[in-house]
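Undergrad: Protein chains in written order, with the working numbering: chain W, 1 to 315; chain Y, 1 to 315.
One or more hints might be untrue.
From the structure, some residues in chain W lie toward chain Y, with a derived Cβ separation under 8 Å [to be verified]:
(1) Leu43
(2) His44
(3) Gly83
(4) Ala85
(5) Gly89
(6) Asp92
(7) Leu95
(8) Thr116
Distance ranges between label pairs, derived from CB positions [claimed, not checked]:
(9) W:Asp167 with Y:Arg120: 55 to 63 Å
(10) Y:Gly108 with W:Thr141: 23 to 31 Å
(11) Y:Phe88 with W:Ser299: 40 to 48 Å
(12) Y:Glu107 with W:Gly108: 38 to 46 Å
Worth flagging that the hints you see were computed from the coordinates, not collected in a lab.
In this text, a Cβ means the ideal position worked out from N, Cα and C, and glycines have one as well.
So the chains spell out like this:
Number of protein chains: 2
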Amino acid sequence: MKVCVLAGGVGAARFLAGLVTVTDPASVTAIVNVADDMVLHGLHISPDLDTVTYTVAGQINPETGWGLVGESWTTMGELERLGGAAWFGLGDKDLATHLYRTQRLAEGATLSGVTTELARSFGLGCRVLPVSDDPVRTRVTLGPAASGGLAGSEVGFQDWFVGMSHDEPVAALRFEGAELAAPAPGVVDAITEADVVVIAPSNPLVSIEPVLAVPGVRAAVRQRRDHVVAVSPIVGGRALKGPADRLMADLGIEPSVTGVARLYAPLAATLVVDSVDAGLADDVEGAGMRCVVTPTVMSGRPEAAALARVVIGHG
Amino acid sequence: MKVCVLAGGVGAARFLAGLVTVTDPASVTAIVNVADDMVLHGLHISPDLDTVTYTVAGQINPETGWGLVGESWTTMGELERLGGAAWFGLGDKDLATHLYRTQRLAEGATLSGVTTELARSFGLGCRVLPVSDDPVRTRVTLGPAASGGLAGSEVGFQDWFVGMSHDEPVAALRFEGAELAAPAPGVVDAITEADVVVIAPSNPLVSIEPVLAVPGVRAAVRQRRDHVVAVSPIVGGRALKGPADRLMADLGIEPSVTGVARLYAPLAATLVVDSVDAGLADDVEGAGMRCVVTPTVMSGRPEAAALARVVIGHG
Chain W
1 MKVCVLAGGV GAARFLAGLV TVTDPASVTA IVNVADDMVL HGLHISPDLD TVTYTVAGQI
61 NPETGWGLVG ESWTTMGELE RLGGAAWFGL GDKDLATHLY RTQRLAEGAT LSGVTTELAR
121 SFGLGCRVLP VSDDPVRTRV TLGPAASGGL AGSEVGFQDW FVGMSHDEPV AALRFEGAEL
181 AAPAPGVVDA ITEADVVVIA PSNPLVSIEP VLAVPGVRAA VRQRRDHVVA VSPIVGGRAL
241 KGPADRLMAD LGIEPSVTGV ARLYAPLAAT LVVDSVDAGL ADDVEGAGMR CVVTPTVMSG
301 RPEAAALARV VIGHG
Chain Y
1 MKVCVLAGGV GAARFLAGLV TVTDPASVTA IVNVADDMVL HGLHISPDLD TVTYTVAGQI
61 NPETGWGLVG ESWTTMGELE RLGGAAWFGL GDKDLATHLY RTQRLAEGAT LSGVTTELAR
121 SFGLGCRVLP VSDDPVRTRV TLGPAASGGL AGSEVGFQDW FVGMSHDEPV AALRFEGAEL
181 AAPAPGVVDA ITEADVVVIA PSNPLVSIEP VLAVPGVRAA VRQRRDHVVA VSPIVGGRAL
241 KGPADRLMAD LGIEPSVTGV ARLYAPLAAT LVVDSVDAGL ADDVEGAGMR CVVTPTVMSG
301 RPEAAALARV VIGHG
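Can you build the whole structure from these sequences, using the hints too?
TA: Below, the structure written as structure tokens:
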């Protein structure tokens, strides 16, 4: 059974780590958001690709959800002493990934090519694809209530997400470069040929939307609607991790499984929601999606595997 | 007394570390070669600037002559595991310098501006200037006896120096970009206003030549000829460190203090040679330079200080 997963960062990565334990990893393709990517210190950093790779490899830092386990911070400490831009944490081992990627890109490799090389080095059995080899970058327009005279200004995603700890309100999002980007080789085929397409429990607005925004991807998913299963990243009205709930509210979308259902109904026949949201099943159905209720909080690989089994059983 | 030192890497750095102990550091300006610079892993690496800064700061790795003392190698080890380009050693602390420089350059800072910032962070009392803020890059044409079908091909300086351990014979050198480069702010003034201009014991062909090749620098030095003192990097017919002797022979220049004198006579009135070369003093004078004989091997700061005292006494 072929499974294709549209993926952002932590939630998607945990889901994938469970999925590869309940199905043949070789039949799994993750299509990963690249709109969080940035160049910092001259290094091409792909946070979602790395979180997926490190997590599926069992090497993620379990406390932060990003970076590598057992990491050291020698370079960052020294960079801070030099007065450098140390707001984006890069561990010593993690840095090697960014050095490798940047050098290979400079040598002419594609992002999908480098991602495949890294996945192999980390011993992954599944396929990890950036949604595009072209640059797509989320730009965030801050809301009128933003502090420090920032209201209305547009900043890079990581400036908002990490630099401002995603504390400032958001008025709008756009995905720079998306309209000119092409899906990476294999992306559309993976969606088309999958038995089940999963929309992982990732931030719908800044992880899944920029994947769908690459021309051809949204249409390919919509064509498979009957076999598309989305997992709600909102549980009991809150995001398990990250700012999805506040971001949805900022942009006029109800931060609930019902709000998620309204977003995903055109793309997916089924929404998997957590048991705490069982009472909203009717609302989800009312929004046009079949509702499956099951525990969705992935505290560890066993919970992730159980969720993955339910999800692929409904595709 | 103002002293201006034309500098390459290790030899110049050791000389400067001695010099700042025998004269007011605030009156010392090092004008440093940038033709060994390169971009690797997306990082702007300036080997000679870093060697000078680290050495004067007392933080150089004394065993290698490059990199920082007490360094760790976590990132490099991981990069090697990933199959990355690990031929150019970058320690974890050293990496912070390259990250800092690269990010500041991307933000619009000049190389001389960044170098000043780094010198301040490392607590330097003297001024360190790259000879130019513009890119100058040494390109090496390999000689007919080069191995592996490489004869006649042109490679980057570090590919030859580090990648090939400077083992391959050299047919020609050129300094790409030099003719379009401008001296960094302060460079020509430092030469013009110095009481003594020193040509440090650096490789004449790949460290000093690309400094002189920046338009305006050679002329400024020549105008100060009476106050220019060169220190021979060749001692007893051999380079103390690096390939200067073989490079000189490859390019038809006698690898001796006499050969050095013939190179530097148009620019410097005085050549300081090591005691082992006392017998060649007449040859040096014959080549048109005053010859000063003194111990020049800088095993430590005291020896470097003694040499510096002799050198500035003859400017």
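Undergrad: Would you mind marking each hint as holding or not holding in the structure?
TA: So, going through the hints one by one against the coordinates:
1. Leu43: holds, 5 Å
2. His44: holds, 7 Å
3. Gly83: Holds. Min distance 6 Å.
4. Ala85: holds, 5 Å
5. Gly89: Interface hint status for W:Gly89: violated (13 Å vs cutoff 8 Å).
6. Asp92: holds, 4 Å
7. Leu95: Check passed: Cβ of W:Leu95 comes within 5 Å of chain Y, closer than 8 Å.
8. Thr116: violated, 12 Å
9. W:Asp167 with Y:Arg120: 55 to 63 Å: Hint violated: Cβ distance 33 Å, outside 55 to 63 Å.
10. Y:Gly108 with W:Thr141: 23 to 31 Å: holds, 24 Å
11. Y:Phe88 with W:Ser299: 40 to 48 Å: holds, 43 Å
12. Y:Glu107 with W:Gly108: 38 to 46 Å: Violated, at about 27 Å.
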